[in-house]
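Asker: Listed in order, the protein sequences are those of chains X and F. One point on numbering: in the numbering used here, the residue at position 75 of the first sequence is 75, and numbering is uninterrupted. One point on numbering: in the numbering used here, the residue at position 43 of the second sequence is 206, and numbering is uninterrupted.
Treat the hints as calculated values from the structure; they're not laboratory data. Be aware that a few hints might be false.
Below, in silico cross-link-like pairs of lysine-lysine (BS3-like), each with a Cα-Cα straight-line distance of 25 Å or less [unchecked claim]:
1) F:K281 - X:K121
2) F:K311 - X:K125
3) X:K39 - F:K256
4) X:K58 - F:K295
5) F:K295 - X:K128
6) F:K273 - X:K122
7) F:K273 - X:K105
8) X:K125 - X:K77
9) F:K251 - X:K105
10) F:K251 - X:K39
11) F:K311 - X:K58
12) F:K196 - X:K105
13) F:K281 - X:K105
14) F:K196 - X:K77
15) X:K162 - X:K125
16) X:K159 - F:K281
17) X:K77 - X:K128
18) F:K196 - X:K121
Covered stretches of chain F (chain X as the covering partner; in silico rule of three or more C-beta atoms under 8 Å from a C-beta of chain X) [stated by the list, open to error]:
19) 177-185
20) 212-225
21) 237-246
22) 264-275
23) 287-298
From the three backbone atoms N, C-alpha and C, an ideal C-beta is built for every residue, glycine too.
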Amino acid sequence: MKDKTFIRNRWFEDIPIGEFHVFGSHTFSELEIIEFGEKYAPEVYHTDPLKARDTIYKGLIVPGWQITSMWMRMMVKYMERFAEGVQDGRRNGAGLGLQNLIWHKEVYPGHTITFTHEIIKKLDKTIKNKWGIIRSRNEAFNQYNELVMSFTADILAEKDPKN
Amino acid sequence: MTIYWEDLSVGDTFISESNLTINSEDIIEFASKYDPQPYHLDPSAAEASIFGGLCASGWQISALTLRMISDRFRAEEIAMMGLASVEKLRWEKAVFAGDTLSVKVNLIEKISTSRLPKTGIIIAEALVRNHKNESVATLTNSFLISIKSEDHER
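Input sequences plus hints: build the corresponding full structure.
Answerer: If you want it as structure tokens, here you go:
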């Protein structure tokens, strides 16, 4: 249990630069693309498989924000495996923002995307006397190992009150 | 009349037509699929969290921002072919159930090529505000826009 809670329950000071995680993979279905598209991205290339064929994309594609949102889901699910029952008691805080989010390649229905996360920097800054900032590089690859999405994100992590 | 990449200019401004109110069902539905954390799923757990109430996933706000912008672009008949990248995004303030959002877009740069044929890029800053006129998010977006003229064909 101690090992399981560790990843989510550690202080800013204990998070090592270079740590790398593979969150897991997800295969996008046509149905979930259309569902997301109708609500958030109602262009025909996200909502209508037939009309999508006549666009530059030649078929239905996953909306960019759905790929990125799926990265988030995979992160939460992955972290939960290491922190059963920890819930909001963890010391990782909210996301502040991101940089250089690029959707490099289209993702089509049936494509299987693998999501990764690497700690690349700890920012020399303290927010509200309590939080440090962890910067990560996050990537998504398709089943041909082609990079389909990448971004860097800044999230809060609680500093050890002992320091 | 369709508006192409050539028809847009740095300095052009667009404001979302209808403001968008986000309710707790929307927040919970999105979060249960894409961001299943207590402060996006459970009102009482959210009250005890650093946010102090049920608030929307930042990813949902990002997706809704694009929805508001693309609705506006569609009304203008701008030939938008999606979002290529987001150079910078800041979530400045939590968005709570019942908040109403609007977005203002400023075109800051034009690039005549992209990774797609006959498609250019416009870089635009999007300022998202709530009904109290507080800034909740700022995004720098690169939109893909169809190019009309033959000489741009690759």
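Asker: Are the hints correct? Go through all of them and say.
Answerer: Evaluation of the provided hints:
For the hint pairing K281 of chain F with K121 of chain X, the CA-to-CA distance comes to about 38 Å; that exceeds 25 Å, so the pair is violated. For the given pair, K311 of chain F sits about 47 Å from K125 of chain X by alpha-carbon distance, which is inconsistent with the 25 Å threshold. Between the alpha carbons of K39 of chain X and K256 of chain F the distance comes to roughly 23 Å, so the proposed pair stays at or under 25 Å and holds. For a cut-off of 25 Å, the pair hint linking K58 of chain X to K295 of chain F is broken: about 43 Å separates their Cα positions.
About 24 Å separates the Cα atoms of K295 of chain F and K128 of chain X, which keeps this hinted pair within 25 Å; it holds. Proximity of K273 of chain F to K122 of chain X is assessed by CA-CA distance (about 34 Å); at most 25 Å being required, the pair is judged violated. Under the criterion of a C-alpha separation no larger than 25 Å, the hint pairing K273 of chain F with K105 of chain X is consistent with the structure, at around 21 Å. Straight-line distance between C-alpha atoms of K125 of chain X and K77 of chain X comes to about 29 Å, which puts the hinted pair past the 25 Å bound.
With a CA separation close to 19 Å, the supplied pair K251 of chain F and K105 of chain X stays within the 25 Å bound. The suggested pairing of K251 of chain F with K39 of chain X holds, with an alpha-carbon distance near 24 Å, which does not exceed 25 Å. As the CA atoms of K311 of chain F and K58 of chain X are separated by approximately 19 Å, the hinted pair is consistent with the 25 Å bound. Taking the CA atoms of K196 of chain F and K105 of chain X, the gap is near 23 Å; set against the 25 Å cutoff, the hint holds.
Our distance criterion of 25 Å between C-alpha atoms is met by K281 of chain F and K105 of chain X, whose separation comes to about 17 Å. Among the hinted pairs, K196 of chain F with K77 of chain X is consistent with the structure: their alpha-carbon atoms are about 11 Å apart, no more than 25 Å. Restraint check for K162 of chain X and K125 of chain X: satisfied, since their Cα atoms lie roughly 17 Å apart, inside the 25 Å limit. A threshold of 25 Å between alpha carbons decides the hint, and for K159 of chain X with K281 of chain F the separation of about 50 Å lies outside it, so the pair is violated.
For the proposed pair K77 of chain X and K128 of chain X, the alpha carbon gap of about 28 Å is over 25 Å, so the pair is violated. Only pairs whose Cα atoms come within 25 Å are accepted, and K196 of chain F paired with K121 of chain X is rejected, the gap being roughly 29 Å. Proximity of the stretch 177-185 of chain F to chain X, defined as three or more residues with a beta carbon under 8 Å from a beta carbon of that chain, is not established by the 0 residues found. Requiring three or more residues with a Cβ within less than 8 Å of a Cβ of chain X, the coverage given for the stretch 212-225 of chain F holds, as 8 such residues are present.
Using a Cβ-Cβ cut-off of 8 Å, 4 residues of the stretch 237-246 of chain F lie near chain X, which meets the minimum of three, so the contact claim holds. With 0 residues having a Cβ less than 8 Å from any Cβ of chain X, the stretch 264-275 of chain F misses the three-residue criterion, and the hint is violated. For a cut-off of 8 Å, the count of residues in the stretch 287-298 of chain F with a CB near a CB of chain X stands at 0, and the three-residue condition is violated.
The structure does not agree with the numbered hints 1, 2, 4, 6, 8, 16, 17, 18, 19, 22 and 23 stated previously, though it agrees with the rest.
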